[in-house]
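Chemist: The lines below spell out each chain.
Protein chains: 2
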Amino acid sequence: MPSDEQKKRQVFMISDGTGITVSSLGNSLLTQFENIEFQKNIIPYIDSVDKAISIRDILNSHYNTTKEKALVFMTLLNPEINNIIKTANACIFDFMYTFLDPLEVELKTKSSDTIGKAHTVVDNPMYEQRIKAINFALNCDDGVQMSLYDAADIILIGVSRSGKTPSCLYMALQFGVFAANYPLTADDETHHFALPEILRSYKHKLFGLSIDPERLHHIRNERRPNSTYASLQQCRLEVNEVETLYKNEHIPFLNSTRYSIEEIVTKILSMAKIQRKIL
Amino acid sequence: MPSDEQKKRQVFMISDGTGITVSSLGNSLLTQFENIEFQKNIIPYIDSVDKAISIRDILNSHYNTTKEKALVFMTLLNPEINNIIKTANACIFDFMYTFLDPLEVELKTKSSDTIGKAHTVVDNPMYEQRIKAINFALNCDDGVQMSLYDAADIILIGVSRSGKTPSCLYMALQFGVFAANYPLTADDETHHFALPEILRSYKHKLFGLSIDPERLHHIRNERRPNSTYASLQQCRLEVNEVETLYKNEHIPFLNSTRYSIEEIVTKILSMAKIQRKIL
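Protein sequence lines correspond, in order, to chains A and B.
Under this note's numbering, the first sequence has 198 at position 203, and the numbering climbs by one with no breaks.
Under this note's numbering, the second sequence has 259 at position 264, and the numbering climbs by one with no breaks.
Simulated from the structure, these hints should not be mistaken for lab results.
Any given hint might turn out to be false.
If several chains are the same, the list does not tell them apart, and a pair holds so long as it fits within one copy or across any two.
Under the rule of at most 20 Å between Cα atoms (straight-line distance), these lysine to any residue pairs were calculated in the SDA-like manner [claimed, not checked]:
{"id": "1", "residue 1": "K242", "residue 2": "I193"}
{"id": "2", "residue 1": "K81", "residue 2": "P208"}
{"id": "3", "residue 1": "K103", "residue 2": "S56"}
{"id": "4", "residue 1": "K64", "residue 2": "L95"}
{"id": "5", "residue 1": "K81", "residue 2": "P97"}
All chains should be built: construct the whole structure from the sequences, respecting the hints.
Modeler: Structure, rendered in structure tokens:
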């Protein structure tokens, strides 16, 4: 362990599966302590007694060396594996049994303790929905394959680099939603933005993305440095035009500047009243 | 509420942000009770007192109608909002304060109670890493732009429809990993699979995907029904060839058949010893 990491508080996020659930809640909790530096270790697939013992040894050895208990967040369903980690000299937060035990009381039934069950979804119709949604997003990226728009749940529109593609991919992967996207550009003759005729028949499916011109300038400049395309003037012009278009056409829109992809997507689905297809 | 949903136990997953964390742990917990049918309601962005009151009213009205308490899973950081939901006549599981309170004791500091902080990452270098990784996956999908392979963290190989593209996109979105993919096909002359010369210089980055022939047949048949490409015979031949290639060339590989995208990706990263770039 490098010496600058010794000052950080060690956190082990231990899972019998992918580690996605434990790190999702673990990171939310740690973000609440912004004055403390954490060294995060995500440890997936602890699904055997041997692996559990080796993690317990690491935790004990950390305590013996530093005299400081590591924080442990864990989602371990197998009681034997769970109990091995619990005997470590560490500060344990059990994300599963903390709630499973009272849930068993409330639901008047025992839990099934099946390792990794939550994510084994291959036989689940939602798995196919998800793959189809990914293919749809790829096929309908950047204004291509508009013949498929009948099947779209939503069509994102916006200027180049305003976040359409990542948003569509995330909608597909996480929510199984069929999301297309179409780039808006100025009309060659009028130099103004107008809604393309082809989109009019899908107007109820349209959702606009906007972005602060300064942020757009930064993003475009990474792609094509010092181009007209990336200039702050051009970005201001396009954002102004596109927001005017959304307002005139009564198309709902979101300024994505301050948000992560997760936030952009969940806000859009909420505003557009689109149900997620994967629960 | 339709009558067939009345028999299901109502579950409300309530968040002040996207709802991703609360539904991730919530779904893991519910999966442990496979004999009970749940009606899941994911409710994001409960970030005001007014919204909290309206959810409390819904929960109380559900109890008054059915005499059964809804299950509530929640990640609500604002104490005022949190307390409003807690007064509802429901069975409350607080995913945040259950751990925040003891964490404050252990860390000898108060938490900052900042709503939605966990996901507001625009000013974070990880945000740009993520967008770059998505662009990389799109640019390097299906064997194109091999000139970019120097920048790849990993190059997935496999037969058509074995799950390369969704896996690369998920690696980019969730982990910020630069993942390319390259489709393997039979040599036109020998009719056998061989490792393309261009991939030899990146051999240390290669990771193979395999899949059960029956599953591949099913997936391909959805795409091109009754084609030679989709026939069980062809799928058996290709899978056999590709696995022989992986073994002869000592390329690590994974049979993806029984796994979700999350599992495939986390297993690959673990086997290939690639660190996630987003924590």
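Chemist: Hint numbers the structure violates, sorted upward?
Modeler: 2 and 3
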